[in-house]
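Novice: Sequence:
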Amino acid sequence: MASKIAVLDLRARSDVFLGDRGLSRIAERLERAGHEVARLDATWPADAAQRGAFLESLARDVGGRALDALVVERAWDAETLDVLRGALGGGKLVRLAGGVRAALDDRFDAVVDENGLRALLAGDVVPEPARPPSSAKEIRALRVLAHDEIEPEHAGALPAIRGPAVGCPYLVDAAKQAPFAKLALDREKVQTRGCTFCLDNTGAYAAVNGDETVTRWLAQLRTLRASRPDGRLEVLLVDERPHPHLPQLFRAVAAEGALGAIELLIKSRVDWLLEHEAELAEACTIAETSGSVVHVYLVGFESFDPDTLVLFNKGTSAEDNVRAIALLRDLAARFPRSFEHRRLRAHGFVAFTPWTTPEALLTNARRMREVGFDELRADAARTRLRLYPRTPLHALAEADGLLTPSFDATRGDRAAEQGYDASFAWRFADPRVEAIFAICEALRERWRTLPDADRLELATRFVLRWPGLASVPDVAHLPLVHVLDAWDLDPRTLSSTLGAAAIVDLELERLVAGHKRGLLKEGVAARDVDGLIRAYRATGLVAAVVETHDIDASGSKHLEGRSHAIVAVARTDDDLAEIVALQRARDTRAMGARMGYPTCCVEAFLAQPDRRDNVENERATLRRTGARAIDARVVRTGPVRLLSHHPCSGDCAASIAIAEQALQHLAAIDPRGARWARETLARPSLFLDHARSALLEGAWRGDRFEVRAIDDVPRRSLGVRHDDVVAIELARDRVVLIDARGDRTAIAASSPLLIVPGEPLALAARAVIAPSLPVALSTRPKWLELTPDYRCNQRCLGCGVMNEGGPSLSSRDLVSAMIDGRRQGIEQLWIGGGEPTLRRDLLPLVREARARGYTRVRLQTNAAMLAYPEVARRLADAGVTEIAVSIKGADALTHDRFARTEGAFELLCRGIEHARAVGLEVEGDVLVYRSTTPTIPDVVRVFSARGVARFRLWMMAPDASDPAALAEEPRIADVARAVHDALAHGEVVSLHTPPCALDDGDARARFFAPELGLLVHDATGRRFRLERSEIEGGAFAPRCDGCALRARCNGVRASYLSRHGEAELRPRRG
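The C-terminal position of the sequence shown is numbered 1070 in the UniProt record's numbering, with every residue numbered one higher than the one before it.
Hints in this document: simulated from the structure, not taken from any laboratory. All values derive from a computational prediction rather than experimental measurement. Glycine included, C-beta positions come from ideal geometry on N, C-alpha and C. Heads up, a few of these hints could be off.
What the hints assert, rightly or not - Here are the computed distance ranges between Cβ atoms for each label pair:
| no. | residue 1 | residue 2 | range |
| --- | --- | --- | --- |
| 1 | D230 | E398 | 50 to 58 Å |
| 2 | D106 | D711 | 34 to 42 Å |
| 3 | D106 | Q664 | 56 to 64 Å |
| 4 | G64 | A429 | 44 to 52 Å |
| 5 | G1061 | E870 | 46 to 54 Å |
| 6 | A964 | D47 | 41 to 49 Å |
| 7 | D877 | E398 | 34 to 42 Å |
| 8 | K782 | D959 | 47 to 55 Å |
| 9 | G540 | D877 | 49 to 57 Å |
| 10 | D711 | A984 | 44 to 52 Å |
| 11 | Q664 | A429 | 30 to 38 Å |
| 12 | A964 | T404 | 34 to 42 Å |
| 13 | R623 | R1048 | 28 to 36 Å |
| 14 | D530 | G64 | 41 to 49 Å |
Could you build the full structure based on these sequences and the hints that come with them?
Specialist: This is how it looks when you write it as structure tokens:
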């Protein structure tokens, strides 16, 4: 009886090597047997916000087919299976087994092999899946029946060649090894030979001679080349030990010119890599003659911890791993055109298992740093064991009581990230490791390029210092992140700066040591407050919120608001109650005593008229120091800050003693880190604000600081090139950098600081921080812009948003920001991103905004989601009043090229149409590139005709590390000429062209940021006025002095001036 079937190749990612394990060939055989078979492909979206729509689409596709059965190979997500079952109606949900029992098997109607599937469709008794062959004799018997078939290529799965060798020749029996000798393993259920986590090893191997092996491979390569006649053919070789046959294969490829260049991806055990060095070198030599490449994409290192390697029954050592890495690099150096091992960064590693210890993680971190393992493996610190019943490790976890009904909330199933069958849940034997893993994940979320070794060491050492965090793994990262922020160090630079071992909370250490009764943690983001308090309580301390506040754009000054909080920490509840009461009562003297601050410093602090501005507090310290030398240890404006209080002077003896105590504590933990701290503190520093500073080498000569070297402080770049700067001049409102040619670059800054430790503050530096008349406050903000996160479904050139991860504000954070905005009298809301339509909470947030009195709600969007008319309708119904759409070009070719998303222009146009149909006003945000600048008039003309009411031009601001974006940086003068022509077609404002660049007849296109009155609340929790943003300008050239337009000028981006100079500026005189 014929059945109606669909086979679904479901993948977790588009870049994995998992093919369909013969699913397509089975489909072909079922069709030949008379069944109607549909082939479905689906890739699980990386963005969690898109998964609901993905499942709806999948359900529609499956549900509209009236299937008798849906066959899948891999399943890792229970919700997906529930959706598929609901869509099937009465059809059967079937998993095609590959000899693996998986955690979600009970959600299927049947788990079968191909024979079982045939029986199921025929209505016969379904046999158990055949067990894998367990002897060479069985393998040879099966091989006689095999054909030279090639796995079909799928999105994300390379074409593969295989056979005739079957199995893995590494057959050391794990049951005889120490970790497993205590177990009575049933060999009918547990395959004990080889690596203890491996599902591919059947416990048997049948070798084949070289001639037969190469003949089979060549036959398959010919088939592939016939279907892919051009370019280098990239092929995955499915063979556990191909090394001895590689020279013969590449010799044949070179001789048979029609095969062309082949890139052959192979995997290897560590010992086989070392054993077959000669064969690999010979293969590379021969491969080069045909333009081919030997690509060792996967070497099973797995760990550098000896105990873990024994647990895995690897039969190799950490020293073997190090030698193998050296060999890979040696081969790459000897054969740069015919050997590859780094491109995919996919080599085997498992950082976390149920038995992982903190000591093992530190061992791994040390060795990984020594060998530069980040080059070989991406996200090694995320890797964790997948357990299945057929493996010895599953039996060991069961015996040790480490299997659990579900994974911890902070640590999901690794199989779901990779697209494997759902594995069985487990817990850590040492609960501290759960907290370590959670911290690693949080560090990755915030600093994606942080090396895995540093991530592991930071997390592990912190939990070893505060073991109570094991009870709160979900928030264990918050105290560490706060420490990193307090040090003001970019963790990505740890290997060259302080070092992971030296990251300690010096104030917390003083509290625990009894040198103070409490401390205050300032600038805690509102979303982190509750978690941080839980974390401190888990360490044995107590904590509570003292007050809330906002922070200005520079990060220096506390303002009224609720975006951040001050959290008090103490050893006892009585101390905490007293500290909270004193802080709320503003009893600074009593608070200073409890905090362990010197009395002289507290009195000096009390004498200041305004104590809310931390940068002004630093200036006050320097003013009080006068002509006395400044001690390096009390300087708080560089990358090392040893004091939590503001010293009364730069030579305060009591403050120096506290700082020295901190350095000695640091030296006891990590002498290298302490040395780096002392050396860094001793360097001169330039400080503009908490977002911009640099370390210097040089000396004062009169009113100039003569420069020998400038180094940006990580995360606090000056924003301009300075490699050829020879001198620095200071003024009250700027810093001027002078290069060897005499060219001057001005950077806007209020009373900048240039400190040379060990010397008095120079007269020129003292002059710019002398007290001045108060500056009038800027006007009240008119707009609140919320940036909930930076996720986006397009990849526009020059834009730094991401498809997942990064900072993100919760719904609660966003509503809190709305409330604060209304308190300030703001009635207009601007929601940006990233792409805000990806947020599941967008509609409720818009409704909340309208309910709280926001009369206008503008959505900044690429309009892709509005291409669905129901989305536009829902947005309008919720209360959106207008949208600002992102435009890259006047036609599909240009727009899609710069959006780097095929079909983006069509979606944009449909989105505009649907928005206008539901009554939304549409504005255009035109991102200008160098090559699109001449087309600005066309953009305005084309989109005006589509109903776009007005246009804002944004000059693309490239990341200096992105050559493609740098090449497309538009020029101010070119944009100004295009604006002149565009004004004939519509209303245009040019945001990043200074007013002098535009002719007076085009004055209506000029933009002055303060007039917009935009208060930005970004995804990191930072708040700032638009005019204080570096992207709006802020830098002025010397020729700008005296310009009649200066009072209404935003300046120019400092990075632009450093790259292109000031020749395009046309200051007006008189």
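Novice: Confirm or reject each hint.
Specialist: Verification of the hints:
no.	hint	verdict
1	D230 to E398: 50 to 58 Å	holds (52 Å)
2	D106 to D711: 34 to 42 Å	violated (59 Å)
3	D106 to Q664: 56 to 64 Å	holds (60 Å)
4	G64 to A429: 44 to 52 Å	holds (49 Å)
5	G1061 to E870: 46 to 54 Å	holds (51 Å)
6	A964 to D47: 41 to 49 Å	violated (24 Å)
7	D877 to E398: 34 to 42 Å	violated (54 Å)
8	K782 to D959: 47 to 55 Å	violated (31 Å)
9	G540 to D877: 49 to 57 Å	holds (52 Å)
10	D711 to A984: 44 to 52 Å	holds (49 Å)
11	Q664 to A429: 30 to 38 Å	holds (37 Å)
12	A964 to T404: 34 to 42 Å	violated (47 Å)
13	R623 to R1048: 28 to 36 Å	holds (33 Å)
14	D530 to G64: 41 to 49 Å	holds (46 Å)
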